[in-house]
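Asks: Those sequence lines, one after another, are chains Y and D. Residues in the first sequence are numbered consecutively from 0, following numbering that gives the first Met the number 0. Residues in the second sequence are numbered consecutively from 0, following numbering that gives the first Met the number 0.
Keep in mind the hints are simulated off the structure, nothing from the lab. Do not take every clue at face value.
One copy or any two copies: either way a pair holds, since identical chains are not told apart in the list.
Claimed, not checked - Within a straight-line C-alpha distance of at most 20 Å, the following computed EDC-like cross-link-like pairs (lysine to aspartate or glutamate) qualify:
no. : residue 1 : residue 2
1   : K236      : D224
2   : K296      : E232
3   : K155      : E188
No experiment lies behind these values; they were computed from the predicted model shown.
Protein chains: 2
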Amino acid sequence: MESKDPNSGRSYGIPETIDDRKALDKFISGNAGKKVIAVQGLGFVGAAMAMAAANAYRGDYAVIGVDLAAPESYWKVMALNEGQFPVKAEDPKVLEFYEVARKKKNFTATCDPHAYSLADVIIVDINLDVQKNPKKGKSFDVDLSGFRKAIVAIGKSAKEGVLVLIETTVPPGACEKIVKPILDKAFQERGISKYFLGHSFERVMPGPEYIDSIQNFYRVYAGIDEGSAQETEKFLKTIVRTDQFPLTRLHSTTASEMAKVLENSFRAMNIAFIEEWTEFAEEAGVDLYAVVDAIRKRPTHRNIMLPGLGVGGYCLTKDPLMASWSKKNIFGSKAGLGESEHAVAINDMMPKHTFDAAKRLAQGNLKGKKALLYGVSYRSEVGDTRSTPVGMLYDLLKKEGCTISLQDPYLTTWPEKNVKVEQRIPVEGVFDIIIFCTNHKGYRNNKALQESIMGMKRCIIVDSVGILDKGTIALFKAKHSIKVIGRGDI
Amino acid sequence: MESKDPNSGRSYGIPETIDDRKALDKFISGNAGKKVIAVQGLGFVGAAMAMAAANAYRGDYAVIGVDLAAPESYWKVMALNEGQFPVKAEDPKVLEFYEVARKKKNFTATCDPHAYSLADVIIVDINLDVQKNPKKGKSFDVDLSGFRKAIVAIGKSAKEGVLVLIETTVPPGACEKIVKPILDKAFQERGISKYFLGHSFERVMPGPEYIDSIQNFYRVYAGIDEGSAQETEKFLKTIVRTDQFPLTRLHSTTASEMAKVLENSFRAMNIAFIEEWTEFAEEAGVDLYAVVDAIRKRPTHRNIMLPGLGVGGYCLTKDPLMASWSKKNIFGSKAGLGESEHAVAINDMMPKHTFDAAKRLAQGNLKGKKALLYGVSYRSEVGDTRSTPVGMLYDLLKKEGCTISLQDPYLTTWPEKNVKVEQRIPVEGVFDIIIFCTNHKGYRNNKALQESIMGMKRCIIVDSVGILDKGTIALFKAKHSIKVIGRGDI
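Chain Y on its own, in the form it takes in the complex (with noise of 0.2 Å):
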């Protein structure tokens, strides 16, 4: 089996079994004296996290990080021990973490259960995924085999008294009803009596800021027991700038999961909300831009959310779910929380919008037509396309016959789709179809975009994210078709 950096292009062979055993053990000799955190799972959290605990605000801890010895997964350990960081990042104080970890020689990662046996505290940042649309008469579903699978490796190897701290979006109620039972019976199995089990969801956000979303940022937590609670906020006051970010227990761990979902799910509504309203404004010739900005004047309704193409990332498209599904699956309601899911079908559907005004100013044809979308990232100044909202938009021009260019300056390509991406503002050549999707800095009055549009022949723009301000629309409108999605009165 092989595993391929999609950054790089290299692939690596999965050797048949990992036995890291000797080089961790002499990892660990290399940091005697330091407590050692183990990491599972190096994805956008995980990696960060991992070099947040090795740069940590106050204490010295030996990291290792661990992921699966699977194709999407093995390349990441093998280029973190190789040198390269597996998450672009516009964040500069990522790498430099990263280099200051390999310096002091306080990080390493591995395919190897093993690492747990060596930890004094295991976070746990491995992706739940929701299914969606998963067989007829459901509309999505959660699987926990994973996750369950990667809760039993901890419990086969931690250590007594290891600490093990949830950060993974779970259902609401999982620590409690899935974690705690696999624990205890592994543990009991094999004799260990005392361990402390913690959650306190992260809020990481990869972009600019990406190490201050763990450093500085607030936290919220809750232990399974008084001590569980002790010793994840003893954990966290190294790690988060407590003094000016304070930490909020929470009195159970379903209460925190809660809060994850709940604070995302509300996220997600009010994206919703605000897709009717972006129809209401564009029926009536409301520029909706200019009223939400009158409306976030006031205090309480400063996050009322823009219109835009749709809702990415990988939280706010499943978090509502998870949390509905908890609700009839993990707590025996018989109703799921169904506006919160209807939330999340709405905002699916948003794309559809833009697509649908692209199509109208091509009366209806777009056969053989050449688009361009500019921005394929879920939000700005970020390369990152999980569940980009973009997606659909693609296949839905795909599905009627356009050939599609791509830029995204963030990006060189879509892993999702397998395409290249152009970087260069403006793409050169000429297109039928221009659709703005991701509101990048780097689009907004940018003078070679603009003479670029102007140098072809009447085309269809689609501005679905607000870019262009009001000279830039009324230079393109003399010559071209031009909808901004939101904008009634151009």
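Once you have looked at the hints, place chain D on chain Y.
Replies: Just chain D, lined up with the frame of chain Y:
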């Protein structure tokens, strides 16, 4: 016909014909040199707006309050001229302003539309209601006939160059599609060619900051044309402290009208959102108050709402419907704002959650039970019963055969129900059911209230607004059956 002052109980006979011409002309000559402001509608907004104009921050106005010679409004005009302010207000500034205006003699009230002929500025502050369930097949409707009549009255009398400023919450599009055509026609018939028409919605909040919600708060405005926008701005700058709260001009009156209903829909939807999470928290044994407090630490999540009894007041209960009505009936869209309508429907049903909790604790049998409701107002520290959610709870309990006592420190009667309200805390007597309905400070940590409840035999206590702290809950729990809405962990 009679018009009864619900505050004093005094009745006024409404005369067949209204002729205040002499008195008004005398008022004007007594205020020679001052600009004249007429405020149409003397409800919660108009009465306060008239006081803000009579005590303008920058300007010296003669202000005439105008309302209809109808049972629901005639008494207001009479009371104002006799020295009684018609709205009970916790804000001492209201009466202060009223007294100053009476001394300065720059305020009077009338039912005579002659007032409009004297005014340089006419501010429209009349109510525009949404009829819920008006007839089969329609879940709501907006009857514009009263609003149209009010504008027609202005068109008949107003003078050349008048500024008509709409503050009433109207369906977006109303100024352009309803008000302007009426005024254009009326003025044309009278040979008047110049007038100004602006929209600037109020954000009046009855309660301790009643006057400040006009004088010291952000304002949005727009004019039907550039001249109207300028006149509106000029006037607002004399009323609002724009040095601290700068005005926001929008590009059209429709945009300004939309801003008002959008911001209230946003709020209504955020309240509706938390409703199903309240249920989830109760099922999962989670204290949703603690969870929401933890989430609110994030600056982007500061206005996530707490659980509660329900939504009341004049705006949040109808504005989303007003917007949806406009979308279909003014802009001819096939679809209304389904999500925003749905939020209103959820909020309208919210009090049933509290009722159900009480009924469950009573093992399904409420017949003949003596219930006491602490709080009738729809919000804390205010004596305002308009569309209070306590109404639905009251009706449900009544229907089950309860006898109901009411307490509210800010009320003596509940005008909509025509029932007495006790002002003293605690209410004397013994009750089977006690429900906290409004988050008045006076209920919190109130020893006498605690003792009165502990002095009763076993009773049912439902706290629907998070009034009781953990200590009090524990105390009550030892003797009574208690349920706190949104707190699953008690």
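Asks: All hints are to be evaluated individually against the structure, with a verdict given for each.
Replies: How the hints compare with the structure:
no.: 1; hint: K236 <-> D224; result: within (18 Å within a copy, 59 Å between copies)
no.: 2; hint: K296 <-> E232; result: between (37 Å within a copy, 17 Å between copies)
no.: 3; hint: K155 <-> E188; result: within (9 Å within a copy, 91 Å between copies)
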